[in-house]
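Student: Now for the letters of each chain:
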Amino acid sequence: MDLTFTAEERAFRDEVRAFLNEKLTPDLKRAHHLTPSVFSDPPVGNRWQKILHAQGWAAPLWPKEYGGTGWSLAQRYIWEIESAAAGAPSVTPMGLRMVGPVIMKFGTQAQKDYYLPRICAAEDYWCQGYSEPGSGSDLASLKTRAVRDGDHYVINGSKIWTTHAHHANMMFALVRTSDEPKKQDGISFILIDMKTPGISVRPILTIGGDHETNQVFFDDVRVPVENRVGAEGQGWATGKYLLEFERGGAMTSGRLRAILADIEKLASTYRDGEKAYAATETFALRRSQAEIDIDALEMTELRIMSSLQSGQNPGSVSSSLAKLRNSEIKQSLTALAVDVLGQDGLYWEGHRPLYEMNAEPGIPEDALTALPEYLNSRAYTIFGGTSEVQRDIIAKVVIGM
Amino acid sequence: MDLSYSDEQRLLGESANNLLAARAQKPGAADLWKEMADMGWLALPLPESDGGLGQGIVDVGIVTEAMGRHRARSNYVAGVVLAGGLVAALGNDAQRAALLPGLADGSLRLALAHAEEGARYNLAHVAVTAKKSGAGYVLDGRKVAVLGGDVADRFILSARISGGTRDAGGIGLFVVAKDARGVTVDGHATVDGAGAARVTLAGVEVRADALLSDNALAAIEQAYDRATAAFCSELVGLMEAATKATIEYTKIRIQFGKPLAVNQALRHRMADMSIACEEARSMALRAALHADDEDARSRSRAIAGAWAKVSRSARFVAEQAIQLHGGMGVTNELEIGGYLKRVVALDAIIGGPDLHLRRHAALTQHAA
Ligand SMILES: Cc1cc2nc3c(=O)[nH]c(=O)nc-3n(C[C@H](O)[C@H](O)[C@H](O)COP(=O)(O)OP(=O)(O)OC[C@H]3O[C@@H](n4cnc5c(N)ncnc54)[C@H](O)[C@@H]3O)c2cc1C
Chain F
1 MDLTFTAEER
11 AFRDEVRAFL
21 NEKLTPDLKR
31 AHHLTPSVFS
41 DPPVGNRWQK
51 ILHAQGWAAP
61 LWPKEYGGTG
71 WSLAQRYIWE
81 IESAAAGAPS
91 VTPMGLRMVG
101 PVIMKFGTQA
111 QKDYYLPRIC
121 AAEDYWCQGY
131 SEPGSGSDLA
141 SLKTRAVRDG
151 DHYVINGSKI
161 WTTHAHHANM
171 MFALVRTSDE
181 PKKQDGISFI
191 LIDMKTPGIS
201 VRPILTIGGD
211 HETNQVFFDD
221 VRVPVENRVG
231 AEGQGWATGK
241 YLLEFERGGA
251 MTSGRLRAIL
261 ADIEKLASTY
271 RDGEKAYAAT
281 ETFALRRSQA
291 EIDIDALEMT
301 ELRIMSSLQS
311 GQNPGSVSSS
321 LAKLRNSEIK
331 QSLTALAVDV
341 LGQDGLYWEG
351 HRPLYEMNAE
361 PGIPEDALTA
371 LPEYLNSRAY
381 TIFGGTSEVQ
391 RDIIAKVVIG
401 M
Chain V
1 MDLSYSDEQR
11 LLGESANNLL
21 AARAQKPGAA
31 DLWKEMADMG
41 WLALPLPESD
51 GGLGQGIVDV
61 GIVTEAMGRH
71 RARSNYVAGV
81 VLAGGLVAAL
91 GNDAQRAALL
101 PGLADGSLRL
111 ALAHAEEGAR
121 YNLAHVAVTA
131 KKSGAGYVLD
141 GRKVAVLGGD
151 VADRFILSAR
161 ISGGTRDAGG
171 IGLFVVAKDA
181 RGVTVDGHAT
191 VDGAGAARVT
201 LAGVEVRADA
211 LLSDNALAAI
221 EQAYDRATAA
231 FCSELVGLME
241 AATKATIEYT
251 KIRIQFGKPL
261 AVNQALRHRM
271 ADMSIACEEA
281 RSMALRAALH
291 ADDEDARSRS
301 RAIAGAWAKV
311 SRSARFVAEQ
321 AIQLHGGMGV
331 TNELEIGGYL
341 KRVVALDAII
351 GGPDLHLRRH
361 AALTQHAA
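Chains as they are written, first to last, in this note's numbering: chain F, 1 to 401; chain V, 1 to 368.
One or more hints might be untrue.
Stated by the list, open to error - Lysine-lysine pairs mimicking BS3-like chemistry, simulated, CA-CA at most 30 Å apart:
{"id": "1", "chain 1": "F", "residue 1": "K105", "chain 2": "F", "residue 2": "K195"}
{"id": "2", "chain 1": "F", "residue 1": "K183", "chain 2": "V", "residue 2": "K251"}
{"id": "3", "chain 1": "F", "residue 1": "K183", "chain 2": "V", "residue 2": "K258"}
{"id": "4", "chain 1": "F", "residue 1": "K182", "chain 2": "V", "residue 2": "K258"}
{"id": "5", "chain 1": "F", "residue 1": "K105", "chain 2": "F", "residue 2": "K183"}
{"id": "6", "chain 1": "F", "residue 1": "K143", "chain 2": "V", "residue 2": "K131"}
{"id": "7", "chain 1": "F", "residue 1": "K275", "chain 2": "V", "residue 2": "K244"}
{"id": "8", "chain 1": "F", "residue 1": "K23", "chain 2": "F", "residue 2": "K182"}
{"id": "9", "chain 1": "V", "residue 1": "K244", "chain 2": "F", "residue 2": "K240"}
{"id": "10", "chain 1": "V", "residue 1": "K258", "chain 2": "F", "residue 2": "K396"}
{"id": "11", "chain 1": "F", "residue 1": "K396", "chain 2": "F", "residue 2": "K143"}
{"id": "12", "chain 1": "V", "residue 1": "K244", "chain 2": "F", "residue 2": "K330"}
{"id": "13", "chain 1": "F", "residue 1": "K330", "chain 2": "F", "residue 2": "K23"}
In short, the hints are calculated from the structure, not lab data.
Whenever a hint applies, use it, and build me the whole structure from the sequences.
Tutor: This is the structure:
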């Protein structure tokens, strides 16, 4: 047993560091740092994705045949840790981590040839149309209907909480194509061009004052049948595959560590009398608590990675566990950041984006995101399967009934 | 012993709840401050001799509880209990007569300017200086998180006459007009929507009669303790409203063919939220009843303990209210997130539960 990387892995790490050093410009870092929303702003994320694409690193998780890097798990891990530590923007997961893998697994050759390169090059921007006003945790009860009319589906209904629907030119959606005794049957997975007539998008502001989510309405929207991925009525399995990908697959501890490092930096600029706040016992204890939680998650992620590498299936508990703990630790980190601000935690800056302000803010620039991030981070235990749903999944497996 | 409200107190609670509930229905309604003046709430804790009603923190708490319940965005406690309370405690006849009747009838707004960068809730931390100059003083430095400072006419402002930044002695308290030469008021939005300001003083000259006290720390500590007790009551109202809204929502939201409220995991959560409400109500009442204790140490210790308990419970309830609303909870549209914003704001104003737990421990006298 050994925690160290091999010589080749270390060489790879040096290559990644050199690349980040050269290509990750201060303004990209700053824009990422000053984005308090859950997902990165598309202009920022897309700029970074295009740089990665030029380097041939557009899709670290994908196999080579689809334009991926074909990296080993260790290499991916190194990539995640290093880009998080360097403060690189997080690229939208909708294409690379969600619809991309689905198209690879279930798509036709034509769909693969068309969509996958466009995801890598950030030519398409995707949104996810799963949740509906009446169907959240109980996703299978979804009602948005797609009725066959010649070589088109005619879609009517509404999706909600659709992240970045106002930026996206494409949506992947789950729609009901037939009524079956079992509600999971009769659902199809479909790709929708957001410019199709009959689609309207209503903004929903988050609690942190950011425009991330939307409600999307479909009024007789005609979508070519060839935009369906997988067989008609098989969309549930397709959609669930993606959710597994959304939950597991991610190596999140690197980002958490980077957030903690930022908080520590912030705490060293705030004072408690003569002392830096970072030097107080109150801060030190909470900082240690956070670090220990991250250590535990990182070691768990490494164990999962190691078992994947040796060809074992780590099982559904580990992906739920990682999602659950990542979201909870993230929330506690954002609360710690607000605590660091002390009285400045009262100060509210409503202007967006925060990296393009007209006037000097009344508190340090580095402190501006703490409050909206804390508020927005309430969503981490809600989207992608709520914490209650994750605990149900874990309980079912460990109890076995 | 009797822990029940008097008839007058019950009436006060009813009228406060009625007024604030009606206002919550019509956003953008007329200035709440004016209505609070008409209702007599601004006069409530001020001395009768100065145009006040001479009531205690229990009565103020009845009003703030209604404010928490209906998410009234106001710097009521800061204006009346902090700023007004300090004028009442320290002002001479002329000073009280000049300020308190106007505060009570709503025509004059006061804000306490005490907090500073780096103070970290240490109430003795005053770096703003007051240098004797002729018969008066010259003030220099900066105050932050001045609640209601964006709309205040006068600041009740602490400044150091002598001693080091965190010395207990030598803290003066002054009355400073917002338009005095050398005063810059930078009003800003706050997370709870109530509004605050940063106040910068550059060579501000005040006359000798602007001085309320040249040794104000004990009074400042008492004013903060009384305000904290009133904030405890506000959080009780807030927690109960958030819990009620959550219970109602989970009863009507159907997932998997049944209301969310039938799921045991959520039932236990809402049971815990309700327990938190009951404990908070007990602690808020305890705080209000100790807010005017003779012995400063035992008073502060009771208040610190109450805040440690109530603010931690309020955070739990407000966060869980959001969680149980799912996506609806994290939008700006549904006001459920507004509860959490106020909890965050109050922690920023007087420090969070960890800090007050430490304060409670530090104020504990151990048997030798
Ligand atoms: C910021 C944000 C971005 C999002 N982005 C997208 C997106 O891009 N695309 C998309 O399709 N969706 C998106 N979502 C939606 C998200 O997936 C749903 O919010 C989530 O599935 C929960 O559904 P709901 O909001 O309807 O809550 P509900 O399902 O109504 O749940 C409310 C509460 O009840 C609990 N609960 C529900 N059922 C049970 C049970 N059986 N036992 C115990 N507890 C239960 C939940 O855990 C939750 O606490 C987003 C949500 C947020 C907040």
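Student: If a hint holds in the structure, say so; if it doesn't, say that too.
Tutor: Do the hints match the structure? See the list:
1. A hinted pair counts as satisfied when its Cα atoms are at most 30 Å apart, and K105(F) with K195(F) qualifies at roughly 26 Å.
2. At roughly 23 Å between alpha-carbon atoms, K183(F) and K251(V) fall within 30 Å of each other, so this suggested pair holds.
3. Between the alpha carbons of K183(F) and K258(V) the distance comes to roughly 15 Å, so the proposed pair stays at or under 30 Å and holds.
4. Taking the CA atoms of K182(F) and K258(V), the gap is about 17 Å. The hint holds against a cut of 30 Å.
5. Between K105(F) and K183(F) the alpha-carbon distance is near 23 Å, which keeps this suggested pair within the 30 Å criterion.
6. Between the alpha carbons of K143(F) and K131(V) the distance comes to roughly 73 Å, so the proposed pair goes past 30 Å and is violated.
7. Distance restraint check for K275(F) and K244(V): the Cα-Cα separation of roughly 43 Å exceeds the 30 Å cut-off, and the hinted pair is therefore not satisfied.
8. The hinted pair formed by K23(F) and K182(F) fails the criterion: a straight-line CA distance of about 51 Å is larger than 30 Å.
9. Among the hinted pairs, K244(V) with K240(F) is inconsistent with the structure: their alpha-carbon atoms are about 35 Å apart, more than 30 Å.
10. A hinted pair counts as satisfied when its Cα atoms are at most 30 Å apart, and K258(V) with K396(F) qualifies at roughly 20 Å.
11. Using a Cα cut-off of 30 Å, the hinted pair K396(F) and K143(F) holds, with the two alpha carbons roughly 27 Å apart.
12. Taking the CA atoms of K244(V) and K330(F), the gap is about 28 Å. The hint holds against a cut of 30 Å.
13. For a cut-off of 30 Å, the pair hint linking K330(F) to K23(F) stands: about 27 Å separates their Cα positions.
Comparing the model with each earlier hint shows violations of hints 6, 7, 8, 9; every other hint is respected.
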